[in-house]
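S.K.: Listed below, chain by chain, are the residues.
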Amino acid sequence: MEPLKPFSASLVPLPIENIDTDQIIPARYLKVTDKNSLAEGCFTDWRQDPNFILNNPRYQAGHILVAGHNFGCGSSREHAPWALKAYGFQAVISTYFADIFRNNSLKNGLLPIVVDAETYQALLDLAEEAPEAEVHIDLASQTVTLPNGQKASFPIDPFSKTCLLEGIDELGYLVKQMPEIEAFEASHPARVQTAG
Amino acid sequence: MSKTLFEKIWDAHVVSHPPNSPAVLYVDLHLVHEVTSPQAFTELRQRGIKARRPLQTIATMDHSTPTTPRGADGLIPVTDAMAVTQLKTLVDNCNEHGIPVFELGTEKQGIVHVIGPELGLTQPGMTIVCGDSHTSTHGAFGALAFGIGTSEVAHVLATQTLLQNKPLTYEIRVDGQLQEGVTAKDIILAVIANIGIGGGTGHVFEYTGSAIRSLSMEARMTICNMSIEGGARAGLIAPDETTFNYIQGRPHAPQGADWDKAVAHWRTLPSDAGATYDKQLILDADTLAPMITYGTNPGMGMSITERVPDPKQYSDNSQKMALDKALAYMDLQPGQPLLGHKVDVVFVGSCTNSRISDLRLAAEMIKGHRVADGVRMLVVPGSQTVKRQAEAEGLHKVFVEAGAEWREAGCSMCIAMNGDQLQPGQYAVSTSNRNFEGRQGRGGRTFLASPLTAVASAINGVVTDPRTLVAERAFEVTPV
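As given, the protein sequences belong to chains A and B, one line each in that order.
Taken in order, the first sequence gives residues -9 to 186; the numbers are from our numbering.
Taken in order, the second sequence gives residues 3 to 482; the numbers are from our numbering.
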């Protein structure tokens, strides 16, 4: 995975609570066997509505989604962050993320940024008033900076932060734990055998 | 120190826990299906890694598989080219790595969360993962079971471990006794309506209390299955005699001296007296009525006799907007009752309610009735094993004689990626687990409910309180 560098991008406001992964990528798009062909399916049913925000010409340049509480709930499909990334999003900002979506996003370099309600509202206001305005996101200092200089910090667990900043992939990290895993297995015989 | 059931299982599976890092957690059983695994196998192939423990792994086909009747050749026809590729990819991947795979229509194939328990692979105290959020189902056995993403599927295939931050605990205590016509499905819909779909995020549920203890294993699975709809990745129930009786004699259950040893271990798993939880919810089973959802997430539920809520009741603007949007999608008005609302489709199936006891209950309810004119009713067994059992008991004849469709095993209309789906604008009463927009087909509208409510609604052609029919028929709704 590429190291995640600081970036600036404009916002796409989607202030709806509980956006589930079936909306982000409907199940009928899950018959693929790769990760890269999902842009077409991203929010596809909502995009049928001409008034949907992703159809609004003012927000075509936006690469940061600002979405309502509990974003990414429902299905565990990692196709959701794959689809958002394929569509061009680099980060999602919300007041709260569902667990599996947050984990899946972190593993794909799609930054799930949790902010307080006040910052969330300030970002929505900014997106409404000045769609072209860019916010700056710096993972190292864990800050979102608005064009007026207002800063908000966001939490992230130290391990995910290091992985993202240094481009460490978790599978590679786990493979390096093999001596500990072998030691564990030596003292914990397999509980079941699926053959037979 | 007193520990909860969850903490005991967690502690027993931590391989290592370096500072400032998540724990490396060992996985006892990895369940695989066709939809969330291909990219994980690709990842392994690119790195030249073989599955580390193929015989602690099992694969089935369920999501993208049709449930249409078999052809003259005895095979279930798959006509969707992408599904054909996806299913073939699963077989090729499993063969390459030596992972047992149950192919479409074969003896043990079925929904991943139905076959694990019925084969005796799901056992107390285990860690179980699958690239599917309803993996929480297996928690009914006192196993720590949760859904993972495809990157994590690759992690488990390669190392049999996962990186995990320890979740918090949440006790959901349900005491008392369910009234006639009220089932496990109504308990879990009531829990989710109570805490909301994000209420359990970051937590693992443990369901306790006398109402839970009196439930059958299959009813417990229905409850644990929907833990994720309350935001919790896992939901557990302490193992007891009901659990042991269910497991004993199943194909992968321990035998002989191993059985006694296993049961002795399983008896040590329940939460210690004095163990504490980070959060708690208490519900009274006696006061529960059949539940139904009116909106577009499983938290938008109510007693079946209540009326659709008014968005104006919310002071919070985003909550108000969410309900406005949901009611617009559902084409429902605030204050409207759902009882008597027209129904186009009734779906009995899914990893929530497709086991033999669900089908027995549904058959008992519909016997002597007909599916109302203009209503399509599908009954989709959760596995080939459930299907054979139902047919041995003649349940399929009851359904077919009533005018319902009797299908092959699979996820079917719960996920609408296999040919079984609603048409735009249709209303369904479904025993499945999600009523998200388009979940059962683009533009389709879902009322989630119990099998009893679903069947009662099929009979009357409108949303129906099953208690009216249960009373009329005076049969015992007993847990199996």
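Be careful, since some hints might not be right.
Said to hold, decoys possible - Straight-line Cα separation of at most 25 Å, DMTMM-like style, residue types lysine to aspartate or glutamate; simulated pairs: (1) B:K327 to A:E156; (2) A:K166 to A:E156; (3) A:K25 to A:E156; (4) A:K166 to B:E98; (5) A:K151 to A:D115; (6) B:K5 to B:E109; (7) A:K25 to B:D286; (8) A:K166 to B:D13; (9) A:K75 to A:E118; (10) B:K322 to A:E108; (11) B:K322 to A:D147; (12) B:K281 to A:D147; (13) B:K322 to A:E172; (14) B:K168 to A:E172; (15) A:K141 to A:E160; (16) B:K369 to B:D333; (17) B:K327 to A:E172.
Worth flagging that the hints you see were computed from the coordinates, not collected in a lab.
S.K.: Which of the stated hints cannot be reconciled with the structure, identified by number in ascending sequence?
M.R.: 1, 5, 6, 7, 11, 13, 15, 16, 17
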